[in-house]
Amino acid sequence: MRALHHFHGGIHPEEHKLESSGLPIARAPLPQRLTLPLQQHLGSRAKAVVQAGDRVLKGQLLARAEGEMSAAVHAPTSGLVLSVDLGAVPHPSGLPDLCATIEPDGEERWIERATLDFCALPKAELLVRLRDGGIVGLGGATFPAHLKFDLKPAQAIRTLVLNGAECEPWITSDDRLMRERAAEIVQGIEILRHLVNPAETLVGIEDNKPQAIAAMRQACANTGIEVAAIPTLYPTGGEKQLIKVLTGKEVPSGGYPLHIGVLCSNVATAYAVHRLVNCGEPVISRLVTVTGNVRTPQNFEALLGTPIEDLTKLAGGALPGSADYILGGPMMGLHTSNGRLPVVKSTNCIIVKSPQLFPPLPPALPCIRCTRCADACPADLQPQELYWFAQARNFDKIRNYHLFDCIECGACNYVCPSHIPLAQYFRFAKSEIRALEHESAAAALARERYEFRQMRIERDKQEKAEKLAQKEKAALAARQPAAAPVAPQDSSTQARIQAALERAKAQAAAVTPKNMDALTPQQQAEIAEIEARRARARELAQAQDIPHNSNNAD
Amino acid sequence: MNSPYIHQAPSVSAIMLKVLLALVPGIALAVWYFGPAILVSLVLASLTALATEAAMLKLRGRPLKPFLGDNSALVTAWLVALSIPPLAPWWLVVAGVAFAISIAKHLYGGLGNNPFNPAMIAYAVLIISFPAHMTHWLAPHGLGTIELDLTSQLRYIFSGVLPGGTALDAVTAATPLDTLKTQLHLERPVKEILEMPVYGYLAGKGSEIVALGYVAGGFYLLLNRIITWHVPVAFLGTLFAVAGIFHLIDPGQYVAPLFHWMSGAAMIGAFFILTDPVTGPTTPKGKLVFAAGAAILTYVIRVFGGFPDGVAFATLLMNLCVPLIDTYTQPRVFGEKGGKK
Numbered sequence: 003m004r005a006l007h008h009f010h011g012g013i014h015p016e017e018h019k020l021e022s023s024g025l026p027i028a029r030a031p032l033p034q035r036l037t038l039p040l041q042q043h044l045g046s047r048a049k050a051v052v053q054a055g056d057r058v059l060k061g062q063l064l065a066r067a068e069g070e071m072s073a074a075v076h077a078p079t080s081g082l083v084l085s086v087d088l089g090a091v092p093h094p095s096g097l098p099d100l101c102a103t104i105e106p107d108g109e110e111r112w113i114e115r116a117t118l119d120f121c122a123l124p125k126a127e128l129l130v131r132l133r134d135g136g137i138v139g140l141g142g143a144t145f146p147a148h149l150k151f152d153l154k155p156a157q158a159i160r161t162l163v164l165n166g167a168e169c170e171p172w173i174t175s176d177d178r179l180m181r182e183r184a185a186e187i188v189q190g191i192e193i194l195r196h197l198v199n200p201a202e203t204l205v206g207i208e209d210n211k212p213q214a215i216a217a218m219r220q221a222c223a224n225t226g227i228e229v230a231a232i233p234t235l236y237p238t239g240g241e242k243q244l245i246k247v248l249t250g251k252e253v254p255s256g257g258y259p260l261h262i263g264v265l266c267s268n269v270a271t272a273y274a275v276h277r278l279v280n281c282g283e284p285v286i287s288r289l290v291t292v293t294g295n296v297r298t299p300q301n302f303e304a305l306l307g308t309p310i311e312d313l314t315k316l317a318g319g320a321l322p323g324s325a326d327y328i329l330g331g332p333m334m335g336l337h338t339s340n341g342r343l344p345v346v347k348s349t350n351c352i353i354v355k356s357p358q359l360f361p362p363l364p365p366a367l368p369c370i371r372c373t374r375c376a377d378a379c380p381a382d383l384q385p386q387e388l389y390w391f392a393q394a395r396n397f398d399k400i401r402n403y404h405l406f407d408c409i410e411c412g413a414c415n416y417v418c419p420s421h422i423p424l425a426q427y428f429r430f431a432k433s434e435i436r437a438l439e440h441e442s443a444a445a446a447l448a449r450e451r452y453e454f455r456q457m458r459i460e461r462d463k464q465e466k467a468e469k470l471a472q473k474e475k476a477a478l479a480a481r482q483p484a485a486a487p488v489a490p491q492d493s494s495t496q497a498r499i500q501a502a503l504e505r506a507k508a509q510a511a512a513v514t515p516k517n518m519d520a521l522t523p524q525q526q527a528e529i530a531e532i533e534a535r536r537a538r539a540r541e542l543a544q545a546q547d548i549p550h551n552s553n554n555a556d
Numbered sequence: 030m031n032s033p034y035i036h037q038a039p040s041v042s043a044i045m046l047k048v049l050l051a052l053v054p055g056i057a058l059a060v061w062y063f064g065p066a067i068l069v070s071l072v073l074a075s076l077t078a079l080a081t082e083a084a085m086l087k088l089r090g091r092p093l094k095p096f097l098g099d100n101s102a103l104v105t106a107w108l109v110a111l112s113i114p115p116l117a118p119w120w121l122v123v124a125g126v127a128f129a130i131s132i133a134k135h136l137y138g139g140l141g142n143n144p145f146n147p148a149m150i151a152y153a154v155l156i157i158s159f160p161a162h163m164t165h166w167l168a169p170h171g172l173g174t175i176e177l178d179l180t181s182q183l184r185y186i187f188s189g190v191l192p193g194g195t196a197l198d199a200v201t202a203a204t205p206l207d208t209l210k211t212q213l214h215l216e217r218p219v220k221e222i223l224e225m226p227v228y229g230y231l232a233g234k235g236s237e238i239v240a241l242g243y244v245a246g247g248f249y250l251l252l253n254r255i256i257t258w259h260v261p262v263a264f265l266g267t268l269f270a271v272a273g274i275f276h277l278i279d280p281g282q283y284v285a286p287l288f289h290w291m292s293g294a295a296m297i298g299a300f301f302i303l304t305d306p307v308t309g310p311t312t313p314k315g316k317l318v319f320a321a322g323a324a325i326l327t328y329v330i331r332v333f334g335g336f337p338d339g340v341a342f343a344t345l346l347m348n349l350c351v352p353l354i355d356t357y358t359q360p361r362v363f364g365e366k367g368g369k370k
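For the protein sequence lines, the chains are A and B, in the order given.
Just so we're on the same page, this note's numbering is the position in the first sequence counted from 1, plus 2.
Just so we're on the same page, this note's numbering is the position in the second sequence counted from 1, plus 29.
Chain B on its own, in the form it takes in the complex:
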């Protein structure tokens, strides 16, 4: 036995549990605005994650108990489920989560060793392979021509059949970011576009409130010292700055920065995705560089790229840079030259 003999820290499993807990307000608001289908996705994703994790651990000859109990697979599963349209067919969630856990996590060595955020890898794979399924988001409460109850949502997820000749378009809609992009292509000015019924106070109706739910969860993580301020502040700050500059140059063409904050995966990205410790940098300065880079990439992909949202690809691209960022942002060591005397 070696010193120290005392220890006091939340376990990995407790940390991951808090992350799951912090997602709850956002999920609750999503249920309120878009119906309970997301809960089905979450359950499917969780079951798939645990099954895949167990299978991979067995294949790799690792003990099941400590790893299955660490809750990290559930965090990945929930993030995948939240990035897929709730009404997507059941196999889309299953395929995404299974890919995230088996390929993006375990093939790289499992917990702590994956260079890329597994949930974002799953999102990237799905949006490239099944672009149509990935863009059919449920219209918020009160906007769709028809609203489905839980049973019809369930039936559609598992059998692909909508009740009584309803067309899929009647219950789904493109995301607010997507709509903005399409409408801008039609040469409509931003101001006019934002008056469409799909938009609320700042951004997409419903989704902007869900984003606030994620902010609340983020503050919970900050207060519990699960995450530090560096990533959210640098990400949101840079996103605001970049969007602000473009908005000032041409408000008719570029939406206000707050729209970018409250749209798409900006908030869940700032507090839950880019803050993943495994795939992010470890130094305080590195976290700032990493998050600022991700914000710039997110903006570029959203505004000039071909995909509706940019957070996933921005995260993956910045994940690539982490070793470099860490190497060049090492803090000064106690007693090292260059500091105050």
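Bound-form chain A, shown alone:
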């Protein structure tokens, strides 16, 4: 038996697993319409490669991975693409996003399913296949698998951890998967082992799932994979907590499991990898627990894009008094009242709410610093201090108190006697800080650009001034030793000016003023007289000017 370790805190909410874990997995029938958000993973949205009116086959690529962090989306069945347009998606923001809508033709015609000989394939090629097969973390985080398993040559993995803890109340999809398809999960694990070549491989399952543990142990016999039954305690299924429990190592603050030689993946992801590699089927369906206020809670294998209300109908329908849904578990899930929202890769559970099962909270009272939250915090944080700083928007301080180590598990909310929505405050503070960082990064960029512009203007000015100074210096240097050669040039200029003046004079002489046409002889005589007087005056003036001019010339 493996020596297990503990993490601080944790809570024991009512499990509510038995409601849905008793019945086997049922295959959900084809819905009338499938809505596939192009972003079902962490990172950037996939780029659509089909358009309205296209006919697609089951498993055909609808949108390819775009950018470094992305994953492909495929058609869950054969049919007609009705549109690629904005639609409602399960996201906390409530904002619509691009979705491909497909009308099934009911024929379920597959693309050509090619299996892969993963041992023969170069690892880089296998990773590309994972990306193009739409493999993301199916435990809920939807982190693209090809990035998680892409190891640099220097990165050695000691421990591969498979997460089968399923610590959130109500959810049993991984439980059922492990019970019924353990062999396939192990085949998937073998592919992951091939990729990262770990010294040990551990499967962590909470001890409230004895059948799943037994099934996995049987499937893992003689493989070197160890199945560990771990104590039931929320949030043991958190990646950092599970690694701590199984290995005793702590993922460093702000770091990744990789930094301590560990990789962690969900059992459902391993199953999806098996389906892709050994059956040639991309991720087009997943197991979904439908439970809560429904007649017959059960797990369904549902095509991605199936409306959640279709699944609740399959589970016998919502009982009277139902209101709204939780997608995911009651601790970290997403609340929605929209039954048309589609199942996506992260939808492991649909809980139909009722005020009896989920009574509304009384209004929040002030914090009395009782520190029940700190006692429950699995990240060893002091939520009561974080709350104080979040309220005061004291973001520097809240970072120093390790806000970003908060995994938002909600254990603090669960135990707060004042009913303070602590996790919401922390999500708010995180997003505010990220927004501020974004802003300050943008401001820094703008300032850099402005300063560069100022610098450039200043530099241009200086260069101009230098050029001018150089020119002047050159001109000065040129004038002094070369005074003689300049003179003839000057005289020639003067000669040209002289010639021009004479030409002008001749022209002026040739032209007679118009008002001098048709004059009487008397007038002509008068003009002649005046002209004579003027000429004499000019002659006198010129006679006086000569000495003056000659002085000037000297």
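Worth flagging that the hints you see were computed from the coordinates, not collected in a lab.
It cannot be assumed that every hint is accurate.
Stated by the list, open to error - Only pairs whose alpha carbons sit at most 30 Å apart, straight line, appear in this in silico DSSO-like list of lysine-lysine:
1) K399/A <-> K432/A
2) K463/A <-> K475/A
3) K47/B <-> K210/B
4) K234/B <-> K220/B
5) K314/B <-> K432/A
6) K251/A <-> K154/A
7) K432/A <-> K366/B
8) K366/B <-> K399/A
9) K432/A <-> K49/A
10) K210/B <-> K220/B
11) K314/B <-> K399/A
12) K49/A <-> K125/A
13) K366/B <-> K314/B
14) K234/B <-> K251/A
15) K251/A <-> K125/A
16) K251/A <-> K463/A
17) K463/A <-> K399/A
18) K251/A <-> K47/B
19) K251/A <-> K399/A
20) K366/B <-> K47/B
21) K366/B <-> K154/A
Put chain B on the given structure of chain A with help from the hints.
Leaving out everything else, chain B in the frame of chain A:
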């Protein structure tokens, strides 16, 4: 709506109710040994607390229902009532509780925001303003020259008249801690002083048993996880250690540590006053520092200071240090350097 959607915790009101419940054994023993006058103080204090709380909430424009129902004002009221001599005039209790709720609690922002323990602020104000009234404690059962029945106790509380020419001194006595201090000033050795009729097995007759009642209540709080072990253990441990050292140095001058444990407000302080979450530190290490500091101050004030007991002033002084203590005792965060790998 945001996750999580489930919740399971006792409400503030339920927690405070348990604290009140935990005070009951001590109160019952006090009634047994000192007569029912304390019950009158408790009723007066409770009524004053609720009235003041309601008035202050109204003035501050806060909703009455959630806050009046949180029972926190009653805890303050009971602690004030228990720190005032039961035979004190009615207005002393009323003034103390009204001051605690209005000034020490609501002017700082009400529930959860007061830096000082309101009950201890009230005690400090009263002992400075009315020292004479604050030292006339009832003599325990069988020790007073005359014993008053409930009606005469009531009459004295509300009118200040004792039946048939009885002097106040005939029914009251200084506290065991006070007596010790006065007698030590008269240069009598500890051993001789402790043979006086006012002392019982370990400390004051009657009051030592009442202290045991508070210990019982404290264990109830510990079992119900309303308080943690840190404050009581660090407070009593440090008090024992400091008193023990002095006692070992000169047993004729310094009483045994158990006397300090069972006297005055040591036990109610360890389990009910210093454990107030609002005015205490939040980190486990901080709680230890806080309670140890309070114990040292309590001893210093009791033995070298001018007041009969030191718990109230020690609490207030340590309340001042809480932000500092919290800042320097932050525990290691998951994955932070310096821990085990």
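Results for each hint:
{"no.": "1", "hint": "K399/A <-> K432/A", "verdict": "13 Å, holds"}
{"no.": "2", "hint": "K463/A <-> K475/A", "verdict": "18 Å, holds"}
{"no.": "3", "hint": "K47/B <-> K210/B", "verdict": "36 Å, violated"}
{"no.": "4", "hint": "K234/B <-> K220/B", "verdict": "16 Å, holds"}
{"no.": "5", "hint": "K314/B <-> K432/A", "verdict": "28 Å, holds"}
{"no.": "6", "hint": "K251/A <-> K154/A", "verdict": "21 Å, holds"}
{"no.": "7", "hint": "K432/A <-> K366/B", "verdict": "22 Å, holds"}
{"no.": "8", "hint": "K366/B <-> K399/A", "verdict": "19 Å, holds"}
{"no.": "9", "hint": "K432/A <-> K49/A", "verdict": "29 Å, holds"}
{"no.": "10", "hint": "K210/B <-> K220/B", "verdict": "13 Å, holds"}
{"no.": "11", "hint": "K314/B <-> K399/A", "verdict": "20 Å, holds"}
{"no.": "12", "hint": "K49/A <-> K125/A", "verdict": "25 Å, holds"}
{"no.": "13", "hint": "K366/B <-> K314/B", "verdict": "19 Å, holds"}
{"no.": "14", "hint": "K234/B <-> K251/A", "verdict": "57 Å, violated"}
{"no.": "15", "hint": "K251/A <-> K125/A", "verdict": "28 Å, holds"}
{"no.": "16", "hint": "K251/A <-> K463/A", "verdict": "61 Å, violated"}
{"no.": "17", "hint": "K463/A <-> K399/A", "verdict": "46 Å, violated"}
{"no.": "18", "hint": "K251/A <-> K47/B", "verdict": "40 Å, violated"}
{"no.": "19", "hint": "K251/A <-> K399/A", "verdict": "28 Å, holds"}
{"no.": "20", "hint": "K366/B <-> K47/B", "verdict": "40 Å, violated"}
{"no.": "21", "hint": "K366/B <-> K154/A", "verdict": "25 Å, holds"}
Hints 3, 14, 16, 17, 18 and 20, counting from the list given before, are not met by this structure.
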